[in-house]
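Asks: Starting from the known structure of chain F, arrange chain E on it as the hints suggest.
Taken in order, these protein sequences are the chains called F and E.
For the first sequence, position 21 (counting from the first letter as 1) is numbered 21 according to full-length UniProt numbering, and the numbering increases by one without interruption.
For the second sequence, position 359 (counting from the first letter as 1) is numbered 359 according to full-length UniProt numbering, and the numbering increases by one without interruption.
Note that these hints are calculated values from the structure, not bench results.
Worth double-checking, as some hints may not be accurate.
[What the hints assert, rightly or not] Under the rule of at most 20 Å between Cα atoms (straight-line distance), these lysine to aspartate or glutamate pairs were calculated in the EDC-like manner:
id : chain 1 : residue 1 : chain 2 : residue 2
1  : E       : LYS223    : E       : GLU178
2  : F       : LYS28     : F       : ASP413
3  : E       : LYS223    : F       : ASP384
4  : E       : LYS223    : F       : GLU421
5  : E       : LYS223    : F       : GLU381
6  : E       : LYS85     : F       : GLU381
Note that the structure is a prediction, hence the values are computed from the model and not measured.
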Amino acid sequence: MRIGIDVGGTNTDAALIGDGGQVLAAVKSPTTEDVTSGIAAALDALGATDVSAVMIGTTHFVNALVEAARLEPVAAVRLGLPATAALPPLVDWPDRLRETVEGAVHLCHGGHEYDGSPISALDVDELRAVAADIRRRGLRSVAISSVFSPVSDDSERRAAEILAAELGPDVHLSLSAEIGRVGLLARENATIVNAALRPLADRTVAAFGEALRRAGIDAPLFLSQNDGTLMDVDHARRYPVATFASGPTNSMRGAAYLSGLTDCAVVDIGGTTSDVGILSGGFPREAAGEAMVAGVRTNFRIPDVLSIGIGGGSIVGPDGSVGPRSVGFRLSSEALVFGGSTLTATDLAVAAGRAEIGDPSRVAGVDHERPLKVVAERVAEAVDRMRTSAAPLPVVLVGGGSVLIDRLPGFDDVRRPDHFEVANAVGAAIAQVGGEVDRVFSGPRETVLAEARAEAVERALRAGAREGSVRIVDVEELPLAYLPGDATRVRVKAVGDLDLEKIDA
Amino acid sequence: MRIDTGLLPAFARGCAVLGSGGGGPVAIGRAAARQALEDHGPVEVVSPTELDPSLLVMPVGTAGSSAVMSERVGGTEEPVHLRDKIEELFGAPVGAVMASEIGGTNGCLAVAWAARLGLPLVDADGMSRAFPGMDQTVMQLRGVSPTPAVMCDERGRTVVIDHVTGRWLERFVRASLEAFGGQVATSEYVLRGHQVASCTALGSVTRAVRLGERLPEPIVTGKIAEAGGSVLVEGLGPDEGRLVRVEAGSEFLAVIEDGAPVAAVPDVIALLDTRTREVVQTEQVRYGLRVAVLTVPCDPVWHTPEGLRLAGPAAFGLTGLTALAAPGGLTGGSGTGGPGGPGGLGGPAGAAGAAGPLADRREVAP
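For reference, chain F alone in the conformation it holds in the complex (with noise of 0.2 Å):
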């Protein structure tokens, strides 16, 4: 058996899982201040404590970023002088976060060309003077980013290493090439972030393990990651960044599970959003570019979703317009089936019959039909906005919400699964892990191609993944056409399941 739990902002939900893959128990309770107890109080409420493992998704960390709380001001410190300069780091960061982030920015010699060559020669004393100034200010997480890391992180690890032997082991590094993928200041701005959370996921995993032992479960501890797979404690302490997307992956990837389909879209239908997914091999497509997160510009692995304002708690306008307001967390006082006096898309469902919550009695007479049909529509479209191809897509709705919705204009296949309100625990507790390979080639393409996926195997194996458990679920090449030498950027993808002994031995 294992167990997976979602932790967000308003609710912590647990599903416990068979060794069959069916799903034993779910129950939702209460997110709380210091995390541990919610979780414990999760554990306890599913009564299990004979499992193999538990995986933990959550949202707690991009929150404090959205919130610009409880982070850690950073040492933003760039190798590739003297390219660069004109785009110095934290440069296009929003106002306030930048002021709660910025503790210092350095940029130095080092990097490297696409093709590897170096861009100048790393200077020793030059980022001893770094380190010092670093020990006299009293910052303690240090993010460190060189051009073209993605293709060598000689420059970053050498750099490391100085910048350890002169600040400690109490000082944190984070290093970009293990962090992001091409394109500097979206991978140096997501490893600013790492860098400002690396003190908060101490705390946060420490609460996690504590919950754990609590609940008198002693099993491994694992936390899910933006693509769906699953990273270590030990990692996840170290690389905080790679949860941000986690929740709707989750969501998305116990979709398919429970749904049983590997090729679909998702919609989860919260309190104020509707998100929606497209799942492809049971994994959820991911943003092609850059990704703003809470203003910033990074370029996190994480799932392409697209959000409209319509959800269970979304305010029903006199015009019969619903969302993008909503009551939220209060809906269980606000909405007039629970007695309140606001008209909420919850009521709608009730009143037509979808949905048994609250005194249906209040909503007798509610004209539900118009603003219930436009809700199916605006979801219809962004699913369709969604879509890749003009092919027959089947839709699989989860998350409390998902009762508003009994059928979408132009999809035939619309269902919502046993267990849709946690699915995106069941998505943690099913995640598997995995291996991603994402640098410049240069050579005969079935040479590179291969190369790329023997690397990314071999990445996924030493994550934990059962040895012939591993396939290729992504490849993606693109010829650098104006660099000669049949340079391409090969970016592939591994995944396989766990081998929890591996893990234990």
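Replies: Below, chain E without anything else, positioned relative to chain F:
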């Protein structure tokens, strides 16, 4: 007019539209311009008619791959090295900067570099939009020599190219690009003040600002129903029932409805994401995107027979399209560039579209 950090977003948006779906990552150029304006103060925009006849005007831009530019972000000293070498070659001080290419990221970089040099920016450019070829300029049409031309990087590693035509300039730039790491700053078709009014696309900077502040009415608004070499836009809302095809290479090249061209290169064709209001580049096109398709006229000189030979539909491999009459009433010529036509070394510049999503601005066809 002065460009400061307040006016920059509108200007940058105008540059993005004038990229016609290409022209490289405007986000990088815009951020560099913002930083330079903060560091060095606003940039004075001067009218071509106000220039001293003997003033040396330095057109500037970058050439290379977008992927490299988004990683190996430029330095601050490229314009200084360009200027120093141009002054040495021409024996006179550079008095003003001009964008070689207003469309895309190069329009924004011209602002950044003018700010860095403390020089005014001429309200003109070489293209009135973005083109993939370095020689697809009004200066080329008017017989201005492209050389001596200078390529350099942020630390002043410099290549001077002399005694070649526009087409050969591209060949030399391409040959040097690898050594420069896939990205290089360039200045070519250097002008004197008295040449600017007759040998460039006039009013480009003010036009970009105006465009950024107010976009023209779209040709059609709808969703992308087919992506690939050509893009099918299915009309929605008031345009329900219309089907419009947009031909694309490195840039958007033509808009065709009911078999007839509605807009075509050399005029600018831009796609706008109706959800985000962001300009959509050719490599960002994908099924389901809600877009508005718009067109903006290029400089009328591109609709003359010589202009069309250098940058008309045929130069981009659109042989089935005869040139459209310009919105200004100019009539087009035959528009045939002939084999190995203008702007192309190994084929039409439009072939660059086959190179995939990394194809972009002022790049040389492979």
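Asks: Work down the list of hints and note, for each, if the structure agrees.
Replies: Hints versus structure:
1. Pair hint LYS223(E) plus GLU178(E) does not hold up; C-alpha atoms about 39 Å apart against a cutoff of 20 Å.
2. Taken as a hint, the LYS28(F) and ASP413(F) pair is broken in the structure, with Cα atoms around 28 Å apart against an allowance of 20 Å.
3. For the suggested pair LYS223(E) and ASP384(F), the alpha carbons sit about 10 Å apart, so the restraint of at most 20 Å is met.
4. For a cut-off of 20 Å, the pair hint linking LYS223(E) to GLU421(F) is broken: about 32 Å separates their Cα positions.
5. With a C-alpha separation of about 11 Å, the suggested pairing of LYS223(E) with GLU381(F) holds against the 20 Å cut-off.
6. For a cut-off of 20 Å, the pair hint linking LYS85(E) to GLU381(F) is broken: about 56 Å separates their Cα positions.
Checked against the numbered hints listed earlier, the structure breaks hints 1, 2, 4, 6; every other hint is satisfied.
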